[in-house]
Amino acid sequence: MSLLELTKISKHFGGVRALHEIDMSVHPGEVVALIGDNGAGKSTLVKIVSGVESPDTGEIRVRGESARLVSPKAAADAGIRTVFQDLSLCDNLDAVQNLFLGQERYGPIWTGRRIRRHVMEEQAQRILESLSVKLRSLSTPVVALSGGQRQGIAICRALISDPAVVILDEPTAALGVSQRGEVLDLIHRLRDQGRGVVVISHDMKDVRQVADRVVVLRLGTKVAEFRRGEYTPSDLVSAMTGAHEEGPVQ
Amino acid sequence: MSLTTTPTSAPPESPRSPVARFIDVAARGHRSIPVLVVLAIIWIVFYSQSPAYLSFRNITNLTLQIATTAILALGVVFVLLVGEIDLSSAVLSGVCAALAAGLAVNSGLPLGLAIVVAILAGMAITLIEALVITFGVPSLIVTLGGMVILQGLILVVLPPEFTVSVAGTPFAKIASTAIPAGTSYLLAAVATLAFAAYRLYQFRERLSTGTRTSPIAVLIPAVVAGVVLFGGVFILTRQRGLPMPVLIVAVMLLIAWYFTTQTRYGIHLYAVGGDREAAQRAGVPVRRMVLYSFLILGACAAVAGMIDASRQLGVSVTSGGGPLMLNAIAAAVVGGTSLFGGRGSIWSAILGALVIGSISNGVQLLGLTTEVQYFATGAVLIIAVAVDVVLTRGSLWPGRR
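Protein chains in written order, with the numbering used here: chain A, 1 to 250; chain B, 1 to 401.
Check each hint, because a few of them may be wrong.
[Unchecked claim] Just so you have them, the derived chain A footprint on chain B, three or more residues with Cβ under 8 angstroms:
| id | segment |
| --- | --- |
| 1 | 107-120 |
| 2 | 199-211 |
| 3 | 280-294 |
[Unchecked claim] According to the in silico footprint, chain B covers these stretches of chain A (three or more CB under 8 angstroms from chain B):
| id | segment |
| --- | --- |
| 4 | 172-179 |
| 5 | 218-229 |
Honestly, the hints are just simulated from the structure, not real lab data. Heads up, the beta-carbon is just placed ideally off N, CA and C, and yes, glycines get one too.
Start from the sequences and build out the full structure, keeping to the hints where you can.
And the structure:
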């Protein structure tokens, strides 16, 4: 059974066709890469799956059950968590505060909703360890952390509610070589936890390294799907650019 | 910024060294350190010119002089923390004081009721401002316009002679009441013990989940709190007893400390100031947090205005005017609260007010001219913000991180 199943998803913005009858599935312990040129519809698809936008037509099934992802909260409740490219971390807060932002553990109202920091720290510790994210201190503002550590915290934040599917939007963009490696390791560990992982990327090296399956979008339609090892980099590029339809340029 | 070296992936039972823990705490509290240094320098300079500067009498005077600024600055800190600014609260304090004095003295309302009405009026006015701000008008403009409107409103609230004298009324007792030394020491003892007990409770909580902690986390804060409270009571009860405004400031700081550092409200407050969009996405009610900050400012302004009126024995058209607004904002910023939101603490209100008050008090004590006071206050403000810029940037020179 697939964790996430999209059937014939279409979306228009005014007269513009953003997505046309997209089919896609994500299975437990599988990394699916979603690639495509600018304007191919990757972001729109992510927004639909994360509950930011609603599709015009089509069906979304989560763990086999039909789901209406009308808001980010609805998507999260259904078990889909998205890590956006900008990470949405508050620089001035520390790792624990960021991990639990909006989902704090707090005491009764007569205590003024006192933060149960010890509970949060203990849980944060466990989640960070499960992905081997290493921080020197849980109480350092995240602005002082490296790009890889920040990405790690953003991903761990998605795991607080134990989602079935984690969507990562351009997780390695703007990272250095070693931090990029760290993040790719994180993706492997997410997969090994049995979650479904969707990675949006335009970095062919990343895609080849982590993806079990690659879904290629072009101008709002799904033009190709490859399994690991069944494609060459030029297959991806020609699918993304449509070169195989139009023939070689010149 | 100094960091501890214990990796979080180490097993929980490995205790963090007390030294590492201490550095961590010091690093987190670093924003208060520059202002404490500045304060020490100011005190040493004036003390070297006149030993009377650090006499018990003068320190007691100083605390009375800064009470109004400190309370207003406390409200301003809440507004700065969510990334907004306010220019109207000083005049608002005058309006609230005029209202309270008019009700208590001229209309014969019980003092307690007049105070409550004034606080509610202050909150109602900042609520209106905050609603316009969350509607989308910049807070600088809303509160600038609000300031001008309130300057008109104070003329409406004051009786035709434009002044209310509170001399000899219960209203005057707000500022002139002194709490006897015995009671003051008792209060200090209770507060210190309660704080230590709270820290101990947190320590045991953390032990119960195996989270890293150390008895130092109980001992050092408790000792610091005890020294500050007993030291303060010792110095300030030399004259007649602990001045009531000092107690009011202390209680307000205590409440503000609890809510900004120990509760969900505090995390959301800082989150909104740190990154409004990220906070929104995480489900933090951003608009509501901005409203709360302005409501707190309204209450603080009312309290500050009434204490000032009680100390000056009256309200007039100039109440809440003069340098009060700029002093309150400067106090918050000198104390380490960022103008750009999300950084700073409630302690910056009292520390910044102390710095600014210490300068003007010293200048007056030495009989220097007013321009010296202006020069010194302005220079300290700029230096404090420069230090803040360097700390935020993490480097002495621009263009690096």
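Q: Quick one: which hint numbers does this structure break? Sort them smallest to largest.
A: Per hint list: 1, 4, 5 violated.
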